[in-house]
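S.K.: Hey, can you work out the whole structure from these sequences and the hints?
Next come the chains, spelled out residue by residue.
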Amino acid sequence: MTRSISRRSFLASSAGALVISMFLPTLARAQAIRRMRPEEMRDVPATPNAFLRIGADDRVTVISKHIEFGQGTFTGLATLAAEELDADWAQMRVEMSPADVTLYANLNMGQQGTGGSSSMANSFYQMRKAGAAARAMLVTAAAQAWDVPEDEITVNQGVIAHASSKRKSGFGAFAQAASRLPAPIDPPLKDPEVFRLIGTDLTRVDTVAKSSGQTVYSIDLDRPDMVQSAILHPPAFGATVARLDPSDALAISDVLEVHQLTRGIAVYAKTRYAAQQGVAALKVDWDTSKAEMRDSAEMFQTYAQAARTPGTQAERRGDGSAALETAAKQITAEYHFPFLPHAPMEPMGAVAEVGPEFAEIWMGSQLVTRDQSQLETVLGLPPEKIRLHPMVAGGSFGRLGTPDAEFAEEVALVARNWGKGPVKHLWSRENDLRGGRYRPMSVHRLRGGIDAQGNITAWDQVIAIQSFLQGTAFGGAVRDGIDGSAVEGARGMPYNIPNLNIGLHLMENGVLSNFWRSVGSSHTCYSIETFLDDLFALGGQDPIAGRLALIGDENARLRNVLLRVADMVNWSGAKTKPNRALGVAVVKCFRSYVAEIAEVSVGGDGLPKVHKIWCAVDCGVAINPDQIRAQLEGGIGFALGAALYGEITIGKDGRPQQGNFDSFRSLRMSEMPEVEVSIVKSAADPTGVGEPGVPPAAPAVANAWRALTQTNLRVLPFSKGVLA
Amino acid sequence: MAINFHLNGAAVSFDGDPETPLLWVIRDHFGLTGTKYGCGVAQCGACTVHVDGKNRRACVAPVASVADRSVATIEGLEGRIAAAVQQAWASINVPQCGYCQSGQVMSAIGLLSMTPNPTDAEIDGAMAGNICRCSTYLRIRKAIHQAANTAAKGTP
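Chains as they are written, first to last, in this note's numbering: chain A, 1 to 724; chain B, 1001 to 1156.
If you're looking for bench data, these hints aren't it; they were derived computationally from the structure. Errors might be hidden in some of the hints.
As the list claims (entries may be wrong) - Here are a few chain B residues that sit away from chain A, every Cβ distance over 12 Å (derived from the structure):
1. H1006
2. K1054
3. S1065
4. A1067
5. R1069
6. S1070
7. G1079
8. S1113
9. M1114
10. T1115
11. N1149
Stated by the list, open to error - Simulated pairs of lysine-lysine, DSS-like, Cα-Cα distance not exceeding 25 Å:
12. K1153(B) <-> K1142(B)
13. K1142(B) <-> K609(A)
14. K612(A) <-> K1142(B)
15. K575(A) <-> K609(A)
16. K1054(B) <-> K1142(B)
All C-beta atoms in this analysis are idealised placements derived from N, C-alpha and C, irrespective of residue type, glycine included.
M.R.: Here's what the structure looks like:
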């Protein structure tokens, strides 16, 4: 009854025929491995053989270059290919590509990876071209077999037909013949007016499997003679082992070995239970002399102190902060944002086998090329000796994409140290929540001024935050003391405020941080959107009208979603019902535009009770409206859970104080508000939806809370900010 | 001493440590991987199975506690309610990452078996122990209502 996986070459193992031969235009390889601007992506040559397989049984299998961790990418990619192929939706399947940057680079990243809400955006032309090329080849093959002109052949819902001779066929019958034809490099694409699948609410390709326990995640893999490993990480970041006594662990029956690794102490066992017991039985003295031992309170104090000084200038307009001195009125606000864990439902896990001459690893990965190179470095093996299989993952929210590839490194070390066959290496929830890689904590200090008419004339924002890119393979993103991910959303904010200054302090912190769903906008959108409401209140301006007045024509799409969300609630001010209030916030991120309005009351626990969120989004062409709604619903719930309760605090012993879902509180069903989404009809190229729903949710709630209670929420989470 | 129980209708026997959580016995010994590990402390519900027809968190249930009992996992679902629930899950596109969904489906079936036509509040209460980090909660609630309707009408 165990699920076994075999070493398979997806191109060679197909039971049916390949669409085309192994011919690959060299142009495609050269172009794919660099970062492209969106407007360049439409010129990517068609490479159907990399992305499509058509079996003799008519099944069309899309090879996904992106991992699926909930965001619907498998379904979206299949939709794009099926549209141009004129396939029937029921014949579409999706499987994950292997690690191969030459074929599967994310055009937005210049390497293989899934992130930045870019999967649909960077694949929109590439996958359609793959489908169009395959369709053209099938038509040619059918025309040759039937001896009829190609232009008399039609393809519709998976059926190739020639009307006058009354001939019909599925794709499978011509797959072999088509595979011997050259692939067109630049096949014509459909006019969006005739899209049949794009723009419809297709059922996800993975829904049935995921509703019946059949989807295989890393944790579900099995290999012959596989052992189980668990790991004990240092209790504080940077602590090391002073003395290890593994005797109690080794005395447990079914525990096989204990190895001290640079990243922790690995226990190998015959069963998961024994591995867990083994970890619990380890006796370790830790050396914390080089560890990060400040607690959260001390860190916040240090950050707040820094934020009172200008920092490195990330942006300046007009007279910058000097304009504050001539303002009629001004206010100052200090915001505290905590460390936030991703806590994907599937804790980090992998199956790996490492021998002297080869390595094979199955794991979820948002940065496949980065993980691959770390495996090469750690194992000292050339790329062709390492097979990395990116897996479908049970959530991620950024967790599976670490610039230093720390989990790939750990897995490689664990498997190499065992060295006797495959290992399933799994983290406990405690490993996950205490393992760092959090959304970095930060302090924002904002000062703003208005003139006598209530217009905002000056904005000064200083952010104190650590960089998780500096010193990594992605360190190039940090230039002249500015980490772009730390100020994204603030630098270049879409409001035409004449005098503006954005300053940044990159703080030292031993607690490791990382990308977290919506990255910089997860905190900058909050401080900007709530501080705006403070200034509007100071100047007697309406939150919607005030924003509209500040958003210029260059951000017409942002104005449009704001107007639309205001229409959705028939906006006539924040307070329209007794004991309830509305709050608004907007964001432009990952090239999409989102506006949200929250309806809030004071809950029985004293915290904001969020009744409903209305959301308007412009993400270009809506490939699957139902999945766009799903991502916005999910993004809003994710954001609300974080805003209400989410934090990792560091204790005086340097240890993260939340270790499981009993102390780290996640949003539960009763706390999920109603969500209504309106999608702007657009012909623009598609942009992201996985992340853009997140940033406006919390500030919309805080703005409603302010209107309701006349109090500000400037310390996150709300459970701390309200009840402290 | 071996622990004997029924797993998805079949008589099975486990002769390892009787304190082993049922979760790992189901997954690693019997190879039924639809039931997931999420927390290990009965806080997230990803490991929900049915023991004698009632919801149980397999991560904290020692295998010894199911001796001579009947355990059903997501792989062994049968009957009108289960079919209605899984059909509703698919038609409403409930899952995102899907990892918690086996547990959600099991909890939903457990709820509908006791309360055939639950209110929103009853659903929220019964499903409070199942975390979904993708926040598919709205769709889960909608799917449970739909399944209740379908199951009430007879064979889906």
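S.K.: Indicate, hint by hint, whether the structure satisfies it.
M.R.: Evaluated hints:
For H1006(B), the condition that its CB be more than 12 Å from all CB atoms of chain A holds, with the nearest at approximately 15 Å. A cut-off of 12 Å between C-beta atoms confirms that K1054(B) is not in contact with chain A; the least separation is 19 Å. For S1065(B), the non-interface assignment is confirmed: its Cβ lies about 14 Å from the closest Cβ of chain A, beyond the 12 Å cut-off. For A1067(B), the shortest C-beta to C-beta distance to chain A comes to about 17 Å, beyond the 12 Å cut-off, and the non-interface label holds.
Taking the minimum C-beta to C-beta distance to chain A, about 20 Å, the non-interface status of R1069(B) holds against the 12 Å cut. For S1070(B), the shortest C-beta to C-beta distance to chain A comes to about 18 Å, beyond the 12 Å cut-off, and the non-interface label holds. At roughly 14 Å from the closest C-beta of chain A, the C-beta of G1079(B) stays outside 12 Å, upholding its exclusion from the interface. For S1113(B), the condition that its CB be more than 12 Å from all CB atoms of chain A holds, with the nearest at approximately 17 Å.
Distance check on M1114(B): its Cβ is at least 17 Å (rounded) from any Cβ of chain A, clearing the 12 Å threshold; non-interface status holds. At roughly 15 Å, the least C-beta separation between T1115(B) and chain A is larger than 12 Å, which holds for a residue marked as non-interface. Against the 12 Å criterion, N1149(B) stays outside the reach of chain A, whose nearest CB is about 18 Å from its own CB. Taking the CA atoms of K1153(B) and K1142(B), the gap is near 17 Å; set against the 25 Å cutoff, the hint holds.
Distance check on the hinted pair: K1142(B) and K609(A) sit about 21 Å apart at the alpha-carbon level, within 25 Å; holds. Restraint check: the Cα-Cα separation between K612(A) and K1142(B) comes to about 16 Å, which is no more than 25 Å; the hinted pair holds. Restraint check for K575(A) and K609(A): the C-alpha separation of about 15 Å stays at or below 25 Å, so the hint holds. Of the supplied pair hints, the one linking K1054(B) and K1142(B) holds, its CA atoms being roughly 22 Å apart against a limit of 25 Å.
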